[in-house]
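Protein chains in written order, with this note's numbering: chain A, 7 to 106; chain B, 9 to 626; chain C, 729 to 908; chain D, 70 to 399.
Everything labelled a hint here was simulated from the structure, so no lab data went into it.
In this text, a Cβ means the ideal position worked out from N, Cα and C, and glycines have one as well.
Just so you know, not all the hints are guaranteed correct.
To be verified - Within a straight-line C-alpha distance of at most 30 Å, the following computed DSS-like cross-link-like pairs (lysine-lysine) qualify:
#1 C:LYS891 with A:LYS32
#2 A:LYS91 with D:LYS381
#3 A:LYS32 with C:LYS818
#4 D:LYS214 with A:LYS32
#5 B:LYS595 with A:LYS32
#6 B:LYS374 with B:LYS530
#7 C:LYS891 with D:LYS214
#8 A:LYS32 with D:LYS145
#9 C:LYS817 with B:LYS595
#10 B:LYS310 with B:LYS448
#11 A:LYS32 with C:LYS817
#12 C:LYS891 with D:LYS381
#13 C:LYS891 with A:LYS91
#14 B:LYS588 with C:LYS817
To be verified - So, partial list: chain A residues that the calculated Cβ filter (under 7 Å) puts toward chain C:
#15 THR15
#16 GLY18
#17 LEU23
#18 GLN65
#19 ILE66
#20 PHE70
#21 ILE72
#22 ALA80
Residue strings, one per chain:
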Amino acid sequence: MITLTHYLTLTGILFSLGIVGVLRRKNLLMLFFSTEILLNAVNIGFAAVSKYYGDLSGQIFSFFIIAIAASEVAVGLGLLVLWYKRSGTIDLDSLQMMKG
Amino acid sequence: MEKYLYVALFAPVVGSLFSLLFTAKKKNVITALVTSALLLLSFVSSLTLMFAVHDGLTLHVKLMDWISAGNLNIPFGFMVDNVSVIMMVTVTLVSSVVNIYSMGYMMHDKGYNRFFTYISAFVFAMLVLVMSDNFVGLFIGWEGVGLCSYLLIGFWYEKDTASWAGNEAFIMNRVADLGMLMGLFLIYWQFGTFDYETIFAHAGSMNVSVVATIGLLLFIGAMGKSAQFPFHTWLADAMEGPTPVSALIHAATMVTAGVYLVIRASDLFSLIPEVGHIIATLGAFVAVFAASMALVHRDLKKIIAYSTLSQLGYMFVAAGLGAYWIALFHLMTHAFFKSLLFLGAGNIMHAMDDELDIKKMGGLFKVMPYTAILMAVASFALCGVYPFAGFFSKDKILEAAFNGSNFYIWFALFIGAGMTAFYSFRLIMLVFFGDKVYKKLGFHPHETYPFVLWSLLPLGILSTIAGFFEKPFEAFVTRVLSKYEFSLSHSTEVELIFLTSAFVILVIVATIYKYYKGGFSKQIETMPLYILLKNQYYIPKLYEVAIFKPYYVLSRFAWKQIDVRIIDFSVDLIAKVFYKSGQESRKMQSGNLSDMLRWMIVGTVVLLALAIFYRPMM
Amino acid sequence: MFEIIAFYTFSILVIGMFGIVVFSENVLYAMSALAGGMILISGFYFLLGADFLGVVQIIVYTGAVMALYAFGMMFFDSARDIKENIKFKKIIYTLSILSAIFVIFILMAPIYSTRVEALYPTIHGVGNVQMIGLILFTKYLIPFEVAAIMLLAAMIAGIVLVKVKIEETPSNIEVARGEK
Amino acid sequence: MIETALIIETVVKAVVVLSVVAAMGAFATFIERKVLAFMQRRLGPMHVGPYGLLQLAADGIKLFTKEDIIPQNTIKPIFIIAPVVAAASAFVAVAAVPYFPEFTVFGYTVHPIISDINVGLLFVMGAASVGMYGPLLAGLSSANKWSLIGGARAVIQLLSFEVVSGLSILGPVMMMGTLSLIDMNDYQIGGVSHWLIWKQPLAFVLFAIAGFAETNRTPFDLIEFEAEVVSGYATEYSGMRWGLFFIGEYANMITISVLVSIIFLGGYNDLWFIPGALAMLLKVSLWIFLFLWVRAAWPHIRPDQLMWFCWKVLMPLSLINVLITGIVLV
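Next up, chain A with everything else stripped away, as it sits in the complex (with noise of 0.2 Å):
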């Protein structure tokens, strides 16, 4: 029987990998891929909790995250088209230029 902590341990594998690629990537389409995989990773948690608990709290939780995704996808697509325009180049390490 699949319970409930099977599918928290799965969101927490996958949010894991989503930090993994959060701090190991240095393409900032990479970065974007792996801010994704951190919510997707959230949202099965959610659906899952909206099954085992058998309130549609959750459910409605991972809608109002995807259309976050959604538009963060708009927005941070549309910066990162302005940022290869400006430097030609989408890697990370050309962004600092707000070192201290």
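Given chain A's structure and the hints, the job is docking chains B, C and D onto it.
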């Protein structure tokens, strides 16, 4: 009638605030005109109040609750009674005259507008001091006049001596104020209030030793403000300020605040005649002590300053012996003739390009006769020659001393009167008569502006005739103050008056004769007594050696050892820790998104760990 | 039985896919794997009875989000292998594993709590879509509207950002590349 | 046991549907050539078999036996996967589509749908949207400019018209209150007058146009327009891989036809005297003929015209449609 009180009190502060707006601007006559007009308005209001008080009115005004904390409740209250109205009239009159005089005297000064700001502020503070119906209000005014005095002494702050003198006056007053503050605390502790009426009503039922302590402590404050020994050194140095300031503050008004305090608290002091005796003794001592220093001094203004000191001593004698109305009377007449004397000295300084050495003058009568006449009048009044004002007030003090069988005090005052006569006419003779020394030195003296002279006229008249108001004055103020009963027989009184007057006139004549003949020889300046007097009994030296030097060493030690080594070091250490840690942690801010994310995750991990492992104490 | 098999299959596949996304040198691999992972995640939703969520997952994530990324990739010409300068690998992995352990620990916490009560319980016999519609348009109406506005704003922002014309002066590029 | 039966039934249905759709897709290519030929006053394929009927088999054999070329510099795994994705997504889409009414075989009731999920319509659209990954991945992995441009065009076109088709279908969905295709079919059970086309004519037109675009049919066939981008994303493909793209495209065409029939044209309900199954076949055939007819009759449009048409004409219209539907319903 209340509105007159408000006008009298707040007209100066309005003038002060008005001219404050111009302090950073160029010289503007309008400030002087406005402040003069407002001071005159204040004077007129005070006069109106005086007539009202004469008709039996006593005003009590509570402006607002000022301090309310726990049991402590201090209203912002004012009182106009027979004593304070006399002070109000005196203060506003003299200050009006001085203000108008200053329009001429300060004509070419850079700080023209600033000067009038200070003067009006001083008048306001003085009025608060005089009119307050409780000790805290008095103390506020007390400190206010102290502040204005400091500002005005150091008016020419570019000069080292002026700023030094300002600081000296301020610090000396602070030292004495400590005594006063302690007195106030004691009052509150014992009486639970600061209100005059309550305190005086209950003073009789208090332990005498407590009242004596309070009286002594208050007197210490009075000593500081009135420059009594040993706090006297600041007054002579205060002459660094502009001359009108010396006339107003350091002769006529502020320095008499100490006397006023004793008079105001007369109900308290009359319970403790022993303390009064101490006051009188000290006053007699200062009267002679200061006069002796005036004998040999060559500085025009300092002579008058020492004269002021000695006259303050007279007032304290009267106040200490319980003759409060006489003290107040002398205070008032003294205010008239001493400010006149100072303002005349100001004219001379003006004419002599700020030269103060009287040995360098001489024969000025020809150039500035009106000033000479006014100063002669003032000198006669000071010496107590009939029919001038001083005769009535000063001789009354001598009588009072004799009356209390305090013959040594009387004798001291008697000698002091002789000295007064000598130094006054030494000054007159050296300045206005004799050889025209100034010509050799290349001065071109001239009489001052007519309106300035006209402004001095009221003071001259009052110096002459004020004495004739003795009886009405006594009747007026003794409604509030206790009466002083003379137990001398009429013949003794007449004999005393005759003796004193004769002595004074003799001295005057002798002085005039001596100086007419060419004065003393140079030899006298090598006499030990002369040198002792010239050096003011070495008291400033003593202060320097006994107080300044050790304090300087102590301060230096505190600076070098405690401040730099310990406090600065610890403060620097804190700063350095932050600086270094900032320098180190700056590397975190590489501006690289990866690094930022890494730190973010570190933070997340820490927070998660906290959420898991931290259990708040239940 | 069926559920267990499906769960483990999907889990392994999704973890594998996302692993490719995270560790692959090739952006195209990563993108394809991510798209595949998204579709597979919708499988979890179907398993959990959240049909609507599953379909939305496919349409929005796979159909729109990933397509946009792919389109962006065409812009950047980054289909080829990219060199990434990765430092402090140990720190990265330590941090990730630590956070994973902690997150799992925290996520497991509700299991021990019996106090949780459903605010919007599922009603038997009513379809998933209807239920979601019911809740979305009653309790969550305002968040829903806000999300709609947010999406609109994001869309406009995206269009405006991409349309911005940049004067490509050499200094501009140098600054951007951090050469100055 | 029921579970096992269900699995067996599902597998059988899947195999049947897969093979039938694949066969229909293949057959559609033959039909297309023939119809186009007749419209252009030609004969079309005539040599292989009677009326060239076996041309279909010949093409199949040719595609299967052709050399499988994978050019250099391609990203191999993606290059290989891309056509599979294209075909698979097209076939997955049909999983939630019903074709015929229920019928009984040997006392066992068969539902002619592989999986009756209650969000069937959305599922079909989702699967169709996944279909864009075929061209996309092909274009990205081919290491060829024409491929890349073709892929980009595919993505843009599919993304844009998905919006239109989704919005246009919203009106009918609001009226019927369901996302299940079976329920939609049942909604129109009362005959021709109950067809949704009469209630949602604008939605019908919009969905049809969007359908043309999503299947890359003329006049929106910019993706593979030879004069501009050679063969688009399929430039580097040959043999069976190319064939998979081809089959996927035709399977999509069939799916769209079925969808239009079910949503707007009364579905598999009995039509006058014609039984439901046959009626459905007729409708789908009609639609496929329409696809071909348009291809023969219309020139194709420029890419900018396409986008303009999509975002400035179709999308506002579909929004207005939704709005009007909402007002009418309320």
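Comparing the hints with the structure gives:
{"no.": "1", "hint": "C:LYS891 with A:LYS32", "result": "holds (26 Å)"}
{"no.": "2", "hint": "A:LYS91 with D:LYS381", "result": "holds (27 Å)"}
{"no.": "3", "hint": "A:LYS32 with C:LYS818", "result": "holds (16 Å)"}
{"no.": "4", "hint": "D:LYS214 with A:LYS32", "result": "holds (27 Å)"}
{"no.": "5", "hint": "B:LYS595 with A:LYS32", "result": "holds (19 Å)"}
{"no.": "6", "hint": "B:LYS374 with B:LYS530", "result": "holds (27 Å)"}
{"no.": "7", "hint": "C:LYS891 with D:LYS214", "result": "holds (24 Å)"}
{"no.": "8", "hint": "A:LYS32 with D:LYS145", "result": "holds (24 Å)"}
{"no.": "9", "hint": "C:LYS817 with B:LYS595", "result": "holds (19 Å)"}
{"no.": "10", "hint": "B:LYS310 with B:LYS448", "result": "holds (24 Å)"}
{"no.": "11", "hint": "A:LYS32 with C:LYS817", "result": "holds (13 Å)"}
{"no.": "12", "hint": "C:LYS891 with D:LYS381", "result": "holds (18 Å)"}
{"no.": "13", "hint": "C:LYS891 with A:LYS91", "result": "holds (11 Å)"}
{"no.": "14", "hint": "B:LYS588 with C:LYS817", "result": "holds (28 Å)"}
{"no.": "15", "hint": "THR15", "result": "holds (6 Å)"}
{"no.": "16", "hint": "GLY18", "result": "holds (4 Å)"}
{"no.": "17", "hint": "LEU23", "result": "holds (5 Å)"}
{"no.": "18", "hint": "GLN65", "result": "holds (5 Å)"}
{"no.": "19", "hint": "ILE66", "result": "holds (5 Å)"}
{"no.": "20", "hint": "PHE70", "result": "holds (6 Å)"}
{"no.": "21", "hint": "ILE72", "result": "holds (5 Å)"}
{"no.": "22", "hint": "ALA80", "result": "holds (4 Å)"}
Consistency note: the structure conflicts with none of the earlier hints.
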